[in-house]
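Student: Spelled out from the first residue to the last, the chains are:
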Amino acid sequence: MTKRRLEPLLWLLFSGGGVVSAVFLPVLVVLFGLAIPLGWVRPDYDHLHAVFSFWLTRLVALGLLVLMLFHWAHRFRYTLHDGLRLKRLEAPLALVCYGGAVVGSIAALLIVAML
Amino acid sequence: MADSIQMHVTRYDPDQDSAPTVVEYEVPLRKDWAILDGLNYVKDHVDGSLSYRWSCRMGICGSCGMNVDGEPKLTCAAFLTDYAPGPVRVEPLTNFPVVRDLVVDIEDFMEKLPRVKPWIIRDDDQSVIDGEYIQTPEELDEYKQFSNCINCMLCYAACPIYGIDETFIGPAAIALAERYDLDSRDRGQRERLDVLIEKEGVWGCTFVGECTRVCPKHVDPAGAIQRYKLKAAKENVMAFLLPRGAR
Amino acid sequence: MSAPTTYRQPVSRLWFTKKRSYFIFLLRELSCVFVGWFAVFLMVMLFAIGRGAAAYQNFLNWASSPVVVVVNLVALAFLVLHTVTWFALTPQAMEVRLGGRQVARVKMVNVAGRTVPAATVVRVGGRRIPPGMVIASQYAGLLVVSAFIVWLVLR
Numbered sequence: 058m059t060k061r062r063l064e065p066l067l068w069l070l071f072s073g074g075g076v077v078s079a080v081f082l083p084v085l086v087v088l089f090g091l092a093i094p095l096g097w098v099r100p101d102y103d104h105l106h107a108v109f110s111f112w113l114t115r116l117v118a119l120g121l122l123v124l125m126l127f128h129w130a131h132r133f134r135y136t137l138h139d140g141l142r143l144k145r146l147e148a149p150l151a152l153v154c155y156g157g158a159v160v161g162s163i164a165a166l167l168i169v170a171m172l
Numbered sequence: 021m022a023d024s025i026q027m028h029v030t031r032y033d034p035d036q037d038s039a040p041t042v043v044e045y046e047v048p049l050r051k052d053w054a055i056l057d058g059l060n061y062v063k064d065h066v067d068g069s070l071s072y073r074w075s076c077r078m079g080i081c082g083s084c085g086m087n088v089d090g091e092p093k094l095t096c097a098a099f100l101t102d103y104a105p106g107p108v109r110v111e112p113l114t115n116f117p118v119v120r121d122l123v124v125d126i127e128d129f130m131e132k133l134p135r136v137k138p139w140i141i142r143d144d145d146q147s148v149i150d151g152e153y154i155q156t157p158e159e160l161d162e163y164k165q166f167s168n169c170i171n172c173m174l175c176y177a178a179c180p181i182y183g184i185d186e187t188f189i190g191p192a193a194i195a196l197a198e199r200y201d202l203d204s205r206d207r208g209q210r211e212r213l214d215v216l217i218e219k220e221g222v223w224g225c226t227f228v229g230e231c232t233r234v235c236p237k238h239v240d241p242a243g244a245i246q247r248y249k250l251k252a253a254k255e256n257v258m259a260f261l262l263p264r265g266a267r
Numbered sequence: 066m067s068a069p070t071t072y073r074q075p076v077s078r079l080w081f082t083k084k085r086s087y088f089i090f091l092l093r094e095l096s097c098v099f100v101g102w103f104a105v106f107l108m109v110m111l112f113a114i115g116r117g118a119a120a121y122q123n124f125l126n127w128a129s130s131p132v133v134v135v136v137n138l139v140a141l142a143f144l145v146l147h148t149v150t151w152f153a154l155t156p157q158a159m160e161v162r163l164g165g166r167q168v169a170r171v172k173m174v175n176v177a178g179r180t181v182p183a184a185t186v187v188r189v190g191g192r193r194i195p196p197g198m199v200i201a202s203q204y205a206g207l208l209v210v211s212a213f214i215v216w217l218v219l220r
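Residue numbers (the working numbering), protein chains in the order written: chain A, 58 to 172; chain B, 21 to 267; chain C, 66 to 220.
Hints are not guaranteed to be accurate.
[As the list claims (entries may be wrong)] Here are the simulated DSS-like cross-link-like pairs (lysine-lysine), alpha carbons at most 30 Å apart as the crow flies:
1) B/K219 <-> C/K84
2) C/K172 <-> B/K219
3) B/K63 <-> A/K60
4) C/K84 <-> A/K144
5) B/K63 <-> A/K144
6) B/K51 <-> B/K132
7) B/K132 <-> C/K172
8) B/K164 <-> B/K51
9) B/K137 <-> A/K144
10) A/K60 <-> B/K237
11) B/K63 <-> B/K137
12) B/K254 <-> A/K144
13) B/K254 <-> C/K84
14) C/K84 <-> A/K60
15) B/K63 <-> B/K254
16) B/K63 <-> B/K219
17) C/K83 <-> B/K254
18) A/K60 <-> B/K254
19) C/K172 <-> A/K144
[Stated by the list, open to error] Listed below are several chain B residues computed to face chain C (Cβ distance under 8 Å; list not exhaustive):
20) Y32
21) P40
22) V42
23) E44
24) E46
25) P48
26) V119
27) F129
28) E131
29) P157
30) I170
31) Q209
32) E230
33) P236
34) Q246
[To be verified] Derived coverage of chain C by chain A (criterion: at least 3 residues anywhere in the stretch with Cβ under 8 Å from a Cβ of chain A; other residues may be distant):
35) 82-90
36) 106-117
37) 140-153
38) 165-171
39) 188-194
40) 212-219
Rather than coming from a laboratory, the hints here were simulated on the basis of the structure.
Each residue gets a CB set at the ideal place from its N, CA and C atoms; glycine is no exception.
Sequences are here, hints too, so could you generate the full structure?
Tutor: Dropping the structure here:
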């Protein structure tokens, strides 16, 4: 009988988050982090609201955000654990990182619901 | 080309020293000499008390692993001329306790390797009289790369995770587990998964990739570990989804 | 048995500064900080969009401030590093193959006193996709997704 463990599931979330971050984030940063705020392109508010309040966009946005948050949490936890040699703080580190991702995911759910 | 090269070699006598020191030796710089030949020259002509492991001197026994200029290397495969004009540092393999001079204590690896059961596991062992287990060349190719491991432990020396966390089971052990998992004659995936699904198994690895870079036999343990993680994760998901009897 | 006076080689607290490859590894791992940052940035943006044009304009004012722009520029650099390293490592991390067949390797195991067959399923045969193709197809995917998003937002 195969043992059940939580760590492999966290790794799967990290991996999925890594893939979506690699594929989606470059264009999102250029577009929403630089081009629009700096005025290189000017989509109007109504169009953006229409795009983001569409049910499919909301669903995809939520999925991407959750995966990205758990990607950050898993990788950051290990970076602190290995980089700063914090083995004795293993449990609190995990709590802060994955707890943060859970809180962020709930916030994302609420934000997406309010679109 | 100069006549000679300086080797800065770590010396440590556990009965006299509290910590290792570095001694400089001048050895002939011969075109065809490896670091190992330099060490043999020191032992034969300069200081017979120099202690180090070696055997085949052709890169297959895995005995002569040491740090050369900070990099884990087989000293029989690292040539003096590559480090000319020198000096070249020769130190014991990183991440292992030093017993004496360049000899390290490999007990930790010796304890970890059998944990992953690196042998064919079956429940219907045929006796020799019944004949061989047939394996096609295509089936051999599935695991051949991972079977090239010579247990030289350069990967453990290169792995920063093993340096930080001694409980990590390590690259070679996991690569060898994968070698047997992929062998068509084997039926022992579950047993190995039970060992490697734990925290000190595959999950400590953060894919630094140094193990693959230093491996002298091109085993690619980092690749083996990531593939194993995916396999373990899939099995784990099934374990959560399927009812008790089916998993 | 190890001698009682074996010398334990110390590992530096700053081990990641000792080798170039370790340092690049650390940079790669730190890119996750910017994944987290931009996820939060997007959430702030979506929150503003949900609250109306005025809130969105406030968001734009904040997002165009020099500090935020610089952070996002740094974020872009790190996220490109993430994409490039992630795509490059994928062929090493998983074997991609087309075709082949599923083979079940069965062994009897003892489950709670009963002996039952346990199978692990392996894929054998088929064509392994060379690493170059795997990497190229990921970039193709990136281009398709990026083009779609640009079209979706700017049309």
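Student: What hint numbers does the structure not satisfy?
Tutor: 3, 5, 6, 8, 10, 11, 13, 14, 15, 16, 17, 19, 22, 23, 24, 25, 27, 28, 29, 30, 33, 35, 38, 39
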